Each structure stands twice: as C-alpha cells, then as structure tokens.
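Chemist: Numbering (numbering that gives the first Met the number 0), first residue to last: 0 to 282.
Calculated from the structure, these hints are not laboratory results.
Among the hints, a few may not be true.
Derived pair list, reagent style SDA-like, types lysine to any residue, alpha-carbon separation capped at 25 Å [unchecked claim]: (1) Lys85 - Ala29; (2) Lys229 - Ala213; (3) Lys109 - Lys229; (4) Lys109 - Ile169.
Now the in silico label distances, taken between C-beta atoms and shown as ranges [to be verified]: (5) Leu2 - Met154: 13 to 23 Å; (6) Phe32 - Ala270: 13 to 23 Å; (7) Ser118 - Arg255: 34 to 44 Å; (8) Ala206 - Leu228: 17 to 27 Å; (9) Ala270 - Phe105: 16 to 26 Å; (10) Gly31 - Ile169: 10 to 20 Å; (11) Lys229 - Ala106: 50 to 60 Å; (12) Asp146 - Ala106: 35 to 45 Å; (13) Ala106 - Ala206: 11 to 21 Å; (14) Lys229 - Leu102: 11 to 21 Å; (15) Tyr264 - Val101: 49 to 59 Å; (16) Ala134 - Ile169: 15 to 25 Å; (17) Val101 - Ser121: 23 to 33 Å; (18) Lys229 - Lys142: 27 to 37 Å.
The structure presented is a predicted model; accordingly, all values stated were derived computationally and were not measured.
Note that the Cβ used here is the ideal one computed from N, Cα and C, for glycine as well.
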Amino acid sequence: MSLLQLAIIALLQGTTEWLPVSSSGHVLLAAGFFEASPGDELLINAVSNLGTLLAMLIYFRKDVTSAIAGGFELVAAPVSKSPLSKGARLAAAVIVATPVAVLVAFAYEKFLPESMLESMRSIYVVAATTIIFGALLWWADAKGARDRREEDMTMWHAFLIGATQAIAAILPGTSRSGITMTAARAFGYDRTEAARFSMLIGAPILAAAGLYGAMGLVTADATETVLTLKDGLIVASIAFITGLASIWFLMSLLSRMSFLPFVLYRFALGAVLILGSPLVGLL
C-alpha cells in the first residue's frame, strides 16, 4: 500500500467515525479495494482512532473537562452526602456505558474462529447491516418528538445505550455512533444530545483501540506491516482533521434537521454494495 492509499483510508475513517454511517464498514471496503490484509486494515483503523478521538476531545473539551473533574468527585462520593454534580453524573454515565462493549470486543478478537471472522466481514454482511441499522435509525428518529437532555439521563439508559456498541464491535457496517444514537433517540433524547452522548461514551473504546494500534506500530517488524510509525502519525493526523470537520458538520446539521440524510445514504450504499458485488466478482 502506498502512502496515498493509507491517506485515503485515514480520510474515510476520520470523516465517517462520528457520523452514523459506519467507519469500520467504509474502511473495510477501502482496505479490500486496496488489497490490504485484514490485520493491516484493523491496524490502520486503530491508529486512525487516535486522530478521531483527539478531534472529539477538543470539540467537546468542556464536557470532557467536566467529566474528568466529575470522575474525581465519584471517587469521593462514598464519603460525600451532597448530590452529584453534572460532571460527576456524566462521568458515571460514560463509565457504566463502557464495560459490555469492551468485553464483547475482546472476546470477538480473541475467541471467534478465523473463518467466522472472515464471513462476518463480507461485503454482503456490510450491505445488510448498513441497510438494517439505517432503517432502525430512521424508525427511532421519526417515532415522535423527544426532548430529553443530559440531566434526564439515567444510569440504566446510559448502560443500555453503551451496551449497543457491542453489536457494532461484531458487525461491520452497523456503526458504533449510529447504533448508540439510535438507542438514545429511541429512549427519547434530543438529536444533538443523542449525538453528543454517543461521541462521549465512544472515547474509552477509541482510546483502547488507538493504544492497541500504537503498540502494534511500535512492536511490529517492518517486514510484517504496511504501516510504519511515521505513516501512523500521518494517518492519525489526517483522521484528526477530517474527524473534527465531521463532528462540526454533524452537530450543525442535527440542530436544523433530522437523521434522514444519513439514513438515505445508508440505503443507497447498501444497495450499491448488493448490486455491485456480483459485477466486482466478474472483473
């Protein structure tokens, strides 16, 4: 793979990570087109996560700072009789939203047979999940007016919204951000609040994936991977810039309209993959 090909994959990752269209599905398709090995594709995806994570931390820096301060408050909570602050409640919501997805992703990586992993990463699986979860997003977004906000977030809702990330960890094309936004909308949260919470609870997952990718770069033999440390920095930088732009675009769009443009895009992409796959096989 050339640096240009790596840059294209990083561009896709950064642009789609926070949009409800599945970054893993797009990266998988691009990596397949460039004939990258599954291991290299996962490594590139993981390194790109560092860039998109930094973009989110900067865009939501006030929320992140508040949550970090709230985390220290949670440590002292057993000896405190006062109600938790907004930051502490946000920190608690992020914490309870994380474990299920992490455990499922670890089990998926370590215990599923290679043959099953390969079958789950096929174009038809990506096409099916793209359409099915696009339809679920449409249903959740259109089922009625909902205006719950962060202060209405219960720990049970946070747990269930976070647990849906496990599905995205297994099925490419699902979209981690998309399925968590779908769950949040189904529970009655405002569109921008659903998107914001989806991005905040994604931070631990992306941090773990990014560190995994960074360790892979540091420890990998130069003959065994397409990605060097220098390439990794370029990939992460591109993902950061495009990730920051996509967050701004998403939040601006959702303040004015629904998720329908993303739903239509998912339907169109799924149809193209289903109709185009036989043609690709003939070439």
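Chemist: Evaluate each hint against the coordinates.
Modeler: Against the structure, the hints:
1. This hinted pair does not check out: Lys85 and Ala29 have alpha carbons roughly 41 Å apart, beyond 25 Å.
2. At roughly 11 Å between alpha-carbon atoms, Lys229 and Ala213 fall within 25 Å of each other, so this suggested pair holds.
3. About 28 Å separates the Cα atoms of Lys109 and Lys229, which puts this hinted pair outside 25 Å; it is violated.
4. A distance of roughly 12 Å separates the Cα atoms of Lys109 and Ile169; the hinted pair therefore holds under the 25 Å criterion.
5. At about 45 Å, the CB distance of Leu2 to Met154 disagrees with the hint of 13 to 23 Å.
6. Judged by the Cβ atoms, the range 13 to 23 Å given for Phe32 and Ala270 holds: they are separated by roughly 18 Å.
7. Against the hinted window of 34 to 44 Å, the Cβ-Cβ separation of Ser118 and Arg255 comes to about 41 Å, which satisfies the hint.
8. Distance hint check: the CB atoms of Ala206 and Leu228 are about 19 Å apart, consistent with the given range 17 to 27 Å.
9. At about 34 Å, the beta-carbon gap between Ala270 and Phe105 misses the expected band of 16 to 26 Å.
10. Under the hint 10 to 20 Å, the C-beta atoms of Gly31 and Ile169, about 18 Å apart, fit the expected range.
11. Roughly 33 Å separates the CB atoms of Lys229 and Ala106, a value that falls outside the hinted 50 to 60 Å.
12. Hint check: Asp146 to Ala106, Cβ distance near 37 Å, so the stated range 35 to 45 Å holds.
13. Against the hinted window of 11 to 21 Å, the Cβ-Cβ separation of Ala106 and Ala206 comes to about 19 Å, which satisfies the hint.
14. The beta-carbon spacing between Lys229 and Leu102, approximately 34 Å, falls outside the hinted interval of 11 to 21 Å.
15. Remark: the range hint 49 to 59 Å for Tyr264 to Val101 is contradicted by a beta-carbon distance near 29 Å.
16. Between Ala134 and Ile169 the beta carbon distance is about 19 Å. The supplied range of 15 to 25 Å therefore holds.
17. Our hint of 23 to 33 Å for Val101 and Ser121 holds, since their Cβ atoms are close to 25 Å apart.
18. Checked against the hint of 27 to 37 Å, the C-beta distance between Lys229 and Lys142 comes to roughly 48 Å, which is inconsistent with it.
When held up to the earlier numbered hints, the structure conflicts with 1, 3, 5, 9, 11, 14, 15, 18 and fits the remainder.
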